[in-house]
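The task is simple: from the sequences and hints, build the whole structure.
Chains as they are written, first to last, in the numbering used here: chain Y, 1 to 331; chain F, 1 to 331.
Not one of these hints is a red herring.
Non-contacting residues of chain Y with respect to chain F, defined by C-beta distances greater than 12 Å in every case (computed): (1) Thr13; (2) Asp21; (3) Gln23; (4) Gly24; (5) Lys25; (6) Ile30; (7) Thr31; (8) Leu38; (9) Met54; (10) Gly56; (11) Pro95; (12) Thr140; (13) Gly210; (14) Glu213.
Stretches of chain Y that chain F covers, calculated by requiring three or more beta carbons in the stretch to come under 8 Å of a beta carbon on chain F: (15) 144 to 158; (16) 161 to 167.
None of these hints come from the bench; they were simulated from the model.
Every residue gets a Cβ at the ideal spot worked out from N, C-alpha and C, and that includes glycine.
Below are the chains, spelled out letter by letter.
There are 2 protein chains.
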Amino acid sequence: MANYSIGVDLGGTNLRIAVVDEQGKLLEKITLDAQVKLGRDHVVRDMCGAVQQMVGKQRNSGSLQGIGIGVPGIIDMRTGMVHESPNLPDWVDYPVRNEIEKQLGTRVILENDANSAALGEKWLGAGQAVDDLAILTLGTGVGGGLVLGGQVWHGMTGMAGEFGHTTVEPEGALCGCGNRGCLEAYASATAVVRMAKEEIARDGKTALSGVKELSSKAVFEVAQQGDKGANRVFSSVGRALGIVISDMVNALNLPMYVIGGGVSAAWDAFAPTMFEELRSRCMVFKATDPQGGDGKTGKARTKTIVTRAKLGSDAGLFGAARLPLVNGNHS
Amino acid sequence: MANYSIGVDLGGTNLRIAVVDEQGKLLEKITLDAQVKLGRDHVVRDMCGAVQQMVGKQRNSGSLQGIGIGVPGIIDMRTGMVHESPNLPDWVDYPVRNEIEKQLGTRVILENDANSAALGEKWLGAGQAVDDLAILTLGTGVGGGLVLGGQVWHGMTGMAGEFGHTTVEPEGALCGCGNRGCLEAYASATAVVRMAKEEIARDGKTALSGVKELSSKAVFEVAQQGDKGANRVFSSVGRALGIVISDMVNALNLPMYVIGGGVSAAWDAFAPTMFEELRSRCMVFKATDPQGGDGKTGKARTKTIVTRAKLGSDAGLFGAARLPLVNGNHS
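So this is what it looks like as structure tokens:
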């Protein structure tokens, strides 16, 4: 009888809950409509009801270690409150951790969704062999998470890992965060669609003009057919990623950088430019990359790996379940 | 009788050695000419001779914990070799740690000079009240160091902390590291002199034209007299620092970022622009800065502090002496 925990991934459109044992085995998984529009209290009630039912079924599965919840937004770890979340406005400055703990009578850990994904990839995905990794999740926005020594690096107030707001172009487009030219403006799904529209405006002959509903997936399909405009879009994605990951490699010298989220499906279209940028810009990458520089020895743990996420959209869910297993009590 | 250790700061022009007890009290300090031009073996022999003499005098001072040496360059921590050092070319790929250990019969720890400075500021300087900080040292180049949990964060191969090579302008000037538009190209003493020359070329009326020997110090003096050209130079320094520290704050959410090195003497000229950039670009700074955002509560440990180094050129020396006191045995 292994101990187990519960992970919750609170997305904009649905709420996923998983029961996972301490070896990472999935015991049960459900998906609820997240009736975010019906308000916070409604979502919390649905979640708590579902969790109680799932716990009831696990009576013979050892002891519940707690509940981890991945939330899209900036979390204040001290207070267990959501500090900022464009998708969940009525969750901000509400004592969500305490409320759910009260309703369920068990320990609750809130975590940023990208941090959860980083922890999930470390536990059961691309990063199983390393202790330290960073993740970039390319979705509607660009999230980021940092795992050091097997645990999420929160920083002083739980806001670390916001690699999506690293500056790529100091005078670039204004970002929702107040900065200009953030990575998010070049490597999110939103940015892919914007850049595709710019390509269409520039050159009506691009096959992108024929796409009825532009999405990152649709632009990738056009790119795979050899369309120059669509490939230019993903070159821009790769260039921005290459610049920011170069900064990260020089700053942190981690063994692994993982790219997840919906846009990572277009890996084949953006990765060549990304690696070109890394090889030309990043001295620490060159010094640790067995494909170049002096890394000919190529021993394990001296190579900088930049790779796709393995768990797909489950990374955040598994990572959330991992939280109660690796974190001490908050106090 | 406190235990003690020895710190060595190996600069381009001189070699400084300090005996420091475990409370941080300076017991002895000497400065030797670093006859770098006479070659590595000469410098190592001078250093070892001086260290032996200094140890001889400390017979009643407890037990020697080891020797820490700060070196300007990229260190491979596993091998104890210098991986790259523009100022010490003949030290590269030479087993310097093992050689000095053999000559002195005590434990030796090599460290990058900026990492040493970060550790020194944490121990006895600006960062005494925090566990985590990053440092930028604005000298001939821009060095960087990262202390997490009171220890230098080395990353996988000891190359972490190279914040000086963060990209500020993706298509900017070519840097010695292979990248374009690095922080080093806008915030080093070398960059200050280059930008001052550009101001003179642009506007012969700037008071900079009258300076016989341009240096960061001379440009600062002209800026203090109100010269527009000289102040524009330091606005560029502040802008680049503001962009890069914004990236660092968003990524790491540390409580403190320390700016040292010779150019930091011009703090009054570049800091206003730097803080403007931080307040406009950095969401995590805004969320933790009691001067803005929601930080009105202003509790300790929730404020992001960006400040000048306190130990000046001694930071690296004290930090090197700290190395044997906080590091386990390499094996």
